[in-house]
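Working from the sequences, and respecting the hints, build out all of it.
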Amino acid sequence: MSKQIIYGVFDDEEVLISSAKALRGQGVKIRDVFSPFPIHGLDPVIGIKPTRLSNAAFFYGMFGTSMAVLMTWYMMIHDWPMNVGGKPSFSWFQNMPAFIPVTFELTVFCAAHGMVLSYLLVNKIYPGRKAHNPDPRSTDDKFIMEIQTADNKKVAGSEIISVLRNTGAIEINQKEL
Amino acid sequence: MNYTFTSKTKNICFILMGIGLLSLAGGFIADSHRAWPTLLHNAFFFMAIGLGALFFMAIQYAAEVGWSATVKRPMEAIASFLPYGAGIFGIVVIMSALHMNHIYHWADPAVTTEGSPEYDEIIAGKSAFLNPVFYIIRTVVYLAGWVLFYRAFMNRSEIERQGYDVKAWKKSQSLAAYFLVFFAVTSSTSSWDWIMSIDTHWFSTLFGWYTFAGFFVSALTIITLLVLHLKEKGLLPEVNDSHIHDLGKFMFAFSVFWTYLWFSQFMLIWYSNIPEEVTYYMDRFENYKFLFIFNLFLNFFFPFLVLMKRASKRNFALLKVVGVIILIGHWSDNFVMITPGVLKDHWHLGWVEIGTMLGFLGLFGFIVLKKLSSRPVDNPTHIFYEESVHHHI
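Order-wise, the sequence lines are chains U and Y. When we follow this note's numbering, the leftmost residue of the first sequence carries the number 254, and every step to the right adds one. When we follow this note's numbering, the leftmost residue of the second sequence carries the number 187, and every step to the right adds one.
Calculated from the structure, these hints are not laboratory results. Every residue gets a Cβ at the ideal spot worked out from N, C-alpha and C, and that includes glycine. Possibly wrong hints are sitting among the right ones.
Quick list of simulated restraints, FRET-style, between CB atoms [stated by the list, open to error]:
id : chain 1 : residue 1 : chain 2 : residue 2 : range
1  : U       : Ser-371   : Y       : Ile-514   : 32 to 40 Å
2  : Y       : Ile-345   : U       : Leu-370   : 50 to 58 Å
3  : U       : Pro-297   : Y       : Ser-560   : 35 to 43 Å
4  : U       : Arg-382   : Y       : Ile-345   : 54 to 62 Å
Heads up, simulated DSSO-like pairs for lysine-lysine below, C-alpha to C-alpha not over 30 Å straight-line [what the hints assert, rightly or not]:
id : chain 1 : residue 1 : chain 2 : residue 2
5  : U       : Lys-377   : U       : Lys-274
6  : Y       : Lys-557   : Y       : Lys-435
7  : U       : Lys-302   : Y       : Lys-435
8  : Y       : Lys-530   : U       : Lys-340
9  : U       : Lys-256   : U       : Lys-274
10 : Y       : Lys-419   : Y       : Lys-506
11 : U       : Lys-302   : Y       : Lys-417
12 : U       : Lys-406   : U       : Lys-256
13 : Y       : Lys-556   : Y       : Lys-417
14 : Y       : Lys-495   : Y       : Lys-506
15 : Y       : Lys-495   : U       : Lys-377
16 : U       : Lys-395   : U       : Lys-407
17 : U       : Lys-282   : U       : Lys-395
18 : Y       : Lys-495   : U       : Lys-274
19 : Y       : Lys-435   : Y       : Lys-357
20 : Y       : Lys-506   : U       : Lys-302
21 : U       : Lys-282   : U       : Lys-406
22 : Y       : Lys-475   : U       : Lys-340
23 : U       : Lys-406   : U       : Lys-395
24 : U       : Lys-302   : Y       : Lys-495
25 : U       : Lys-406   : U       : Lys-340
26 : U       : Lys-407   : U       : Lys-340
27 : U       : Lys-406   : U       : Lys-274
28 : U       : Lys-428   : U       : Lys-383
Right, dumping it as structure tokens:
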């Protein structure tokens with residue numbers, strides 16, 4: 254059997270969700286759903302794991318904190334100790350309150366930029382990238398579910414199509430890879 | 187569904203109140219200099235929790251918040267402590283302003299009388315604002331204003347309870363807007379009067395927000411703990427993980443907000459090192475160092491690191507632990523705000539302070555739970571009820 258992509262087209266997101274539940278109940282793996290707007294509660298239904306972006310953000314933030322501590326220590330204590338307002342200039346810790354704003358800003362800076370860049374990299378979005386949309390109607394009023402037969406060795410393509418048809422897909426398109 | 191205030195819970199409240207009365211009476215007999223600031227501290231802490239809950243409720247109206255409709259009854263119950271707290275606190279504060287104790291240095295007539303050996307030029311210069319008559323008028327305006335708004339909110343709540351009625355809700359919304367304006371001014375000025383004026387020479391322009399941040403996060407924590415308790419009893423079946431998550435987020439966010447103000451106040455004064463300002467922190471560093479630093483761990487590092495993860499804001503047991511720690515932290519933060527100006531290095535944190543706190547806790551619990559049991563805890567006529575039931579994040 255050749256590798257196929259099956260597109261189920263829906264005109265209602267509730268119908269799509271119940272159809273996805275039926276498919277998942279039969280062990281079908283759904284590749285993705287294209288939709289004009291975010292569908293609430295869709296992720297767990299089609300088996301998308303919660304994002305790990307927040308964990309990454311924590312480490313970017315920690316990186317920013319460390320960089321800020323290192324920078325303030327090197328600039329203000331080690332390399333060129335400066336007497337600002339009579340504050341002790343030979344110890345990072347005793348001068349720490351003065352460095353907290355810098356540390357805070359760098360933490361936020363690194364966490365925010367790290368998150369944005371990770372997001373773009375993980376989703377392979379870059380300037381000049383062509384839109385990868387199986388059906389332009391998914392940007393208007395249709396919801397499109399993509400299933401690849403290569404992901405579903407145990408369930409036949411014809412069976413997937415019949416489930417889609419029975420659960421309310423208004424149109425089913427197939428594409429050979 | 188109704189919350190039943192069992193006699194067992196009532197008895198616990200009465201026992202706590204008894205402990206409180208005994209400790210307070212013992213405190214006054216043993217050392218009234220120590221008992222007065224304790225009374226002021228605890229009366230303020232618990233009254234302000236009621237006020238914070240009322241403020242949070244007003245925000246829900248003003249911002250047309252949908253998700254919180256199912257947790258409105260617990261908020262109202264906590265706000266119901268405000269009239270009682272305001273009564274006790276008002277009496278304490280008015281007695282202090284009349285110089286029946288030594289909490290407010292400026293209340294001593296000798297300090298502002300020229301030629302007297304106690305004469306203090308700086309305080310005399312402030313006496314146009316800090317004099318007993320004007321002070322008592324302001325105190326009465328703040329407390330009476332809040333209590334009147336509380337009663338108006340409860341009346342509106344009864345009207346909303348009659349049935350789904352958008353127009354009635356809109357009227358409550360404009361009431362909330364008026365309250366928020368009144369609260370915005372009075373929450374700041376009241377904290378200058380009641381707490382900042384203890385250290386009479388000292389001043390800080392963001393002291394009002396700092397005080398507000400402290401009692402608001404305490405109120406949010408109490409709301410969360412009460413909602414968790416009711417949820418575990420099965421009385422709030424329409425409250426789901428997302429509501430708890432949102433309450434956890436509020437606890438997290440306002441702990442950070444409190445820290446932001448704490449640090450902004452500290453850093454500017456530390457850096458500029460002006461004698462008039464820096465004395466406030468020198469008192470605290472010399473005699474209260476452990477508590478002062480430890481507060482930052484209880485109120486910032488602990489909630490910040492523990493509540494950062496999404497899963498921990500949905501974990502009931504963890505939220506309870508963090509909640510109790512935040513409450514202890516802000517209670518001791520208020521202690522460090524009030525006591526040093528009165529007792530300097532002669533302070534204690536022992537049976538009088540803890541006992542009085544337990545007594546107020548008993549009174550607070552009794553009034554809140556009594557209010558909670560007086561009406562069904564669900565709120566199906568709220569115009570955002572459906573939205574709240576389907577809240578999902």
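Hint-by-hint comparison with the structure:
no. : hint                                 : in the structure
1   : Ser-371/U with Ile-514/Y: 32 to 40 Å : holds, 38 Å
2   : Ile-345/Y with Leu-370/U: 50 to 58 Å : holds, 53 Å
3   : Pro-297/U with Ser-560/Y: 35 to 43 Å : holds, 40 Å
4   : Arg-382/U with Ile-345/Y: 54 to 62 Å : holds, 56 Å
5   : Lys-377/U with Lys-274/U             : holds, 28 Å
6   : Lys-557/Y with Lys-435/Y             : holds, 26 Å
7   : Lys-302/U with Lys-435/Y             : holds, 22 Å
8   : Lys-530/Y with Lys-340/U             : holds, 26 Å
9   : Lys-256/U with Lys-274/U             : holds, 23 Å
10  : Lys-419/Y with Lys-506/Y             : holds, 15 Å
11  : Lys-302/U with Lys-417/Y             : holds, 28 Å
12  : Lys-406/U with Lys-256/U             : holds, 10 Å
13  : Lys-556/Y with Lys-417/Y             : holds, 18 Å
14  : Lys-495/Y with Lys-506/Y             : holds, 15 Å
15  : Lys-495/Y with Lys-377/U             : holds, 27 Å
16  : Lys-395/U with Lys-407/U             : holds, 29 Å
17  : Lys-282/U with Lys-395/U             : holds, 21 Å
18  : Lys-495/Y with Lys-274/U             : holds, 29 Å
19  : Lys-435/Y with Lys-357/Y             : holds, 29 Å
20  : Lys-506/Y with Lys-302/U             : holds, 28 Å
21  : Lys-282/U with Lys-406/U             : holds, 10 Å
22  : Lys-475/Y with Lys-340/U             : holds, 20 Å
23  : Lys-406/U with Lys-395/U             : holds, 28 Å
24  : Lys-302/U with Lys-495/Y             : holds, 16 Å
25  : Lys-406/U with Lys-340/U             : violated, 70 Å
26  : Lys-407/U with Lys-340/U             : violated, 71 Å
27  : Lys-406/U with Lys-274/U             : holds, 19 Å
28  : Lys-428/U with Lys-383/U             : holds, 20 Å
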